[in-house]
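Go ahead and model the full structure; you've got the sequences and the hints to work with.
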Amino acid sequence: MASTAAVVPKQGLVPGKVEDVAELFERWHRDGDPVAREALVRRFMPLARRLARRYERSSEPFEDLLQVASLGLLKALDRFDPKRGHPFSSFAVPTILGEMRRYFRDSGWSVHVPRGEQERALKVRDAQETFANEHGHAPTVNQLAEYLEVETGEVIEALQAIQAYEALSLDAPRPGADGDAMTYGEAVGHEDERYELVELDATVTAVLERIPKRERMILRMRFVEDLTQTEIAARVGVSQMQVSRLLRRSLDQLRALTQDTKKAL
Amino acid sequence: MARGVASVGIDRRTWMAAPPNIRLDLSNRPENVVLVRETLAGVAEAVGLDAADLDDIRTAVTEACNNVVLHAYEGEEGALEVEIYAMGGSCSVFVRDRGIGLQQQASEDQWIVGIGLPVIEALASHVDFEETAGGGTEVRMQFATPGAHTLEPTSEGETSGSANGAKGAGASVTIAPVAPLARTVLPRLLGVLAARAHFSTDRISDALLVADALSAHASRSTSAGHLRIKVTIEPRKLELSLGPLDAGGARELVSGSTVDGVGRVLEKLSDHLDVALDGSYEVLDLQLTDRR
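Sequence order for the protein chains is A and B.
Take -14 as the starting number for the first sequence in our numbering and just add one per residue.
Take 80 as the starting number for the second sequence in our numbering and just add one per residue.
Possibly wrong hints are sitting among the right ones.
Where chain B lies over chain A, by a calculated footprint (3+ residues, C-beta under 8 Å) [claimed, not checked]:
id	stretch
1	135 to 141
2	211 to 224
3	227 to 240
Quick caveat, the hints were computed from the structure, so don't treat them as lab data.
Virtual Cβ for every residue (Gly too), placed ideally from N, Cα, C.
Spelled out as C-alpha cells, the structure:
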C-alpha cells in the first residue's frame, strides 16, 4: 500500500453542506426517491473508490474491488440512520470494509493475496535481471521503482516477499532460459575440482559437504572470489534474487551444522 | 475526544505490565511508514500471525502513522514513535508523536474528518487516544490476534525508555526478547534502510546476510535482555550500532559469525567494524557501503 497516498485529501470526504446530505437521506429513506439515492451514491463514491484502492495490490482486478466497495456503500446508504447524529462516513467506512473483507474471505483471501504478491515479485525479479543485463550491474530500488512505475515501498515489499518464498516458481527456469541452454551442472561442473582443492581442512569440508554442491559453489563465489550476487547469478544461470535466497539458506544451514558439530565435540 | 471513539482506557501503566517487544524511534518522514509496516511483518512472522490479521493491523497502523507524517507537525520534522506489544491473543500498537495534538488537528479539519479514524476503528478491537507529555498524541490500538504466540520481553523496562536515536534519515529499533525478534525483524529493517541508502539489489542482499549473521549470534553476546540497533543513513552508506553487548561481546559476535569454509561473515561483508563503549556495555559499530 502506498505510504502517504492513502490519506484523504481534505476536500475528498467533507460532505459539504450537511443539511443537504440529511435531506437526501430523508428523501431516499422516506420517499424511496431514486434521484436522491443517486445523488448520495455520487457524493460518497469517492469514499468507496478510496477504500477499494487500499486493496488494489491484491490479485483482484480493481473493477471487482470497486464493485464490492460500491455494494458496501449501497448497504450503508440503506441502513444509515441520520437521526443518530453521526456523520455518514463513520458509518460507511466499517460497512464498506466489512463487505470487502467478507468478499475476500469468501473468495479465498489466503489463496489470492499470495498469488498477487507472487506476480509482483516475479515482475520485480524480471525487472532486476533486465536492468542488470542492460547496465552490467544491479539496480537500486529507486531504479526498479522507476522502471516498473510503482512506488519504492512496493518494490521493497516485493523484495521482502521474494525472500519469503521457499523455492516456488521463482526457482523455475525462466522463459528463454530453458531449451538448449546448458544445465546448471554443465555450466559450473568444470569448476568443481578447483573448488574442492581450496577447501583442504577436513573439518571444514565435513560440514560443507552436507549442503548441496550448487550452494557450496555460490558460497565460494561470494566469499572466496568476492563476486557480486549479480555476477554469480550470470555464471550460475539463476536470478540474483535466487542467489540471495540460496546464500541466506545455506548460511543458515551451515550455522546450524556448525553448532551441532560444536555440541558433539 | 469529542467523537465516538471506543475508549476502553488502554493505559500502559496498568494494562501494559511489561515493556514493549519493539520500540521504533523514527522521524515523521513519509518513507518511515514502510519501515513500520515491515517491522510489523517481522513481528507477525515471529508470533505466527496470519496474513489477514497482519494486513488489518498494517492498514490501521499505516493510517495512524500517515497522520503523524502529514498533520502532527504542520509540515515540520518531528518524532514518530511506535511501540508493539505481542501478547498472544492480542497485539497492541501505540503510535506517538510530539506534535500539535489531536484537538488542534481536529479544529483544523485534519485527519480526524478523513477516513483515517473510521478505518482504525473498523479494524482495531479497541482504540484509545492519549495526550503525550509534550502535548502530542498517542494512538493506542489493540487488535485481536487469536492463535498468535506471546513474546515475553525479558528486559527490565529498557525498551520503554527514550532512545533519542532517530533524527533525520536514521532509525532506531529496540527489541526484546532478542533472539526470536532479531531473526524476523532485523533483515527487514536493514533491507528497507539499504534500499533507502540507494544500495543496489546486490548489496541489499548482502545487508540481509549481515542481518542474519547478527541475529544468529546477538542474543548470546548480551545479557541485557534487549537489543538496540541504531542506523544512520548516507547515500550508499549505512552505519549500524548494536548494543548493549556484554564486555567482550562485540568481538564474540564477530567471531561467532564464522561459518566453516566461508570465514567471518560479518567481516567479509561489512566495510568497517569497530567496538565502542557505552557505560559498562559494549556497542558494535558496523559500516556497510555500496561501492560501485
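I'd like to know which numbered hints this structure contradicts. Please list them from smallest to largest. none
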